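J.: Sequence:
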Amino acid sequence: MKRPASRRWNKLRSGWRVCLLAMVGIGLLLAGATEAAQKPVVLKPGQEIVDLAPGTSYLVDPDSSAGAEDLFRQLGSEEFQPLPNGSATFGFVDGTYWFHVRLINENPLAHRQVLVLGYVLLDEIDVYLRRADGSITHATSGDFRPFSDRAFSYREPNFIVDLADFEQADLLVRVRSKSSMQVPLTLYSQKAFFELARDSQFGVGLYYGILLALLFYNLILFLSLRDWNYFFYVLHVSGTGMALFCLNGLAFEFFWPQSPWLANVAVPMSMSLGMLCMHQFVRRFLDLRTRLPAGNRILLGFMAFHAVMFLLSMFIDYRVAILLGTASVIPGSAMMLGSCLILARRGDPAAKILLFAWSMLLVGVTAYAMVSFGLLPKVFATEYGIQLGSALEMILLSFALAYRFAELREENVRIVQSARNELEQRVGERTRELSTTLSELAVANDRLRESSLRDGLTGVYNRRYFDAAFETVLAECRASSRSLALLVADIDHFKNVNDEAGHLVGDDCLRIVARHIEQLVGQDGSVIRYGGEEFVVILPGFDKTATRGLAESIRIRLAESALPSQGESLRLTISIGGVVSMPNDHASAMELLQRADAAMYKAKKEGRNRVVMA
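Going by the working numbering, the letters in the sequence shown line up with residues 83 to 696, in that order.
If you're looking for bench data, these hints aren't it; they were derived computationally from the structure. Any given hint could turn out to be false.
[Stated by the list, open to error] The list that follows gives simulated cross-link-like pairs (lysine-lysine, BS3-like), each with its CA atoms no further than 25 Å apart:
1. LYS626 x LYS684
2. LYS687 x LYS626
3. LYS577 x LYS684
4. LYS687 x LYS577
[Said to hold, decoys possible] Derived DEER-like restraints, expressed as beta-carbon distance ranges:
5. MET396 x ASP176: 35 to 43 Å
6. GLU277 x PHE337: 23 to 31 Å
7. SER521 x GLU616: 20 to 28 Å
8. PHE337 x GLU616: 46 to 54 Å
9. ARG213 x SER169: 27 to 35 Å
Please read all numbers here as calculations on a predicted model, not as lab measurements. Even glycine gets a Cβ: it sits at the ideal position worked out from N, Cα and C.
Please put together the full structure from these sequences, using the hints given.
T.: Shown next, in the form of structure tokens:
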């Protein structure tokens, strides 16, 4: 009877022994993990560049009250933790971050090393090196301090670390920043550091050389062709270049090295300026005002936001300015990309060109913003995403524009060469054919010019015609001592028609209203669709009585007419403002338009469906 009990006791004791061994093993693993996380970084012969992340632990001081001596006393405690996922990128955080690395120098040929913090927008950096004898050396840097505090004139904060043969020392780095907390620590030999600086300067010089070449190239095209697309492209290149000049720390190094305040303020200001120029270029290049009004309004909202941020950046807290500016990059980039996609799907060739080139920059900008928030790891492609993307975008877009000009030039050369060969063979016949062709071309050009001055929806003249013709007609009337009348008419509550009946019905209403006005005006004047539901009528030779009579006829005709559209019968009213310029009136064309427009708004305020003369 005793043997079974003895067996049970042996089994129980064996089970406890297994549990105890397992617990000891787990404890050893945990201890090994902690020891591995705080394992010293050994500088061995032949190592020119040492990434300190594997041997780095960190501690967060929420109220920024601890000093270096307090932290040195806590080394080896559980307060210091290994870097999360081996990365020193934390995003936008509060408090002070302390980083600890234990260094052992086993490289007798490299006593002097250069510590580089691979992020330029850190505000306050303090580096403490405690040697085995207890002595501590201290150095400072950061863009809240003068640029001259750095060991070497280099855009990224850097410090000199002196270690004797087989010396062991504790490196403690204190960082406090209102920008994104990114603290990649790398130790370079002096040779490797100078090579890094040389390669970096070469890359930066190459990048900005490309930007300057594109800037002057497109500026010359703008001055030659007077195409405003090139002007806004120049602004885009300038704004993007300045933003990157500040984000890369180059503005602090070369423009205002003794002004930390300006170095910090310039970052959010340049970001706002760069995004403002981007949005304006996209609006202009894609003609969003007419092709995608909703997208145009949204981008105008972003532009207003960045304009306000540009001014407020000088007065509000740096963290707030950076957060707002960086957070707006992603939705702003998505909106620009979405506008390109929508118009590209509609077959717009300009949108396809921009989509192909612009997507490069948008990916780079978005990657940089996501790194700042700690959503993506800090690697070469994400850290320099803006530079890579912007360079590709600008080059591709310029190539597209250059290709278009090359095609036009080759076509012109082909036509000239063909004409020359034909003229040599049959001069007389080709001359007559050329004359006929030129006549037909002139007619076609006249038709094309007339078509370009007509509104595609209503068939009446468009705003381009008004801008080109009104001043000329005004000058002719004054030269011949005739009066000139101008009517500005706006359909009442037209937005409700679009909202309730749909845009197809709204388009029909615009066509019918334009036809009624044309019928009443006849050959006496010109009818222009100025924009949306607003029409302008130019009436040479009309006095005030005739002008009011015609305006009342238009108003009554529309008020009493049922407008059939899409199987529905609608009734619309119209508010009209008028002005008459007598021969001795010296008001400019713009002033006359403003008077008529003000009279129209007065008619709106007085109840609509009426005529008001200025």
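J.: Against this structure, judge whether each hint is valid.
T.: Here is what the structure says about each hint:
1. LYS626 x LYS684: Roughly 18 Å separates the two Cα atoms, so the pair holds.
2. LYS687 x LYS626: Given that 25 Å is the threshold and the Cα spacing comes to 22 Å, the pair holds.
3. LYS577 x LYS684: holds, 19 Å
4. LYS687 x LYS577: holds, 17 Å
5. MET396 x ASP176: 35 to 43 Å: violated, 23 Å
6. GLU277 x PHE337: 23 to 31 Å: holds, 26 Å
7. SER521 x GLU616: 20 to 28 Å: Because 38 Å falls outside the window, the suggested range is violated.
8. PHE337 x GLU616: 46 to 54 Å: holds, 48 Å
9. ARG213 x SER169: 27 to 35 Å: Distance hint for ARG213, SER169 holds at roughly 29 Å.
Hint compliance for this structure: hints 5, 7 are broken, all remaining hints hold.
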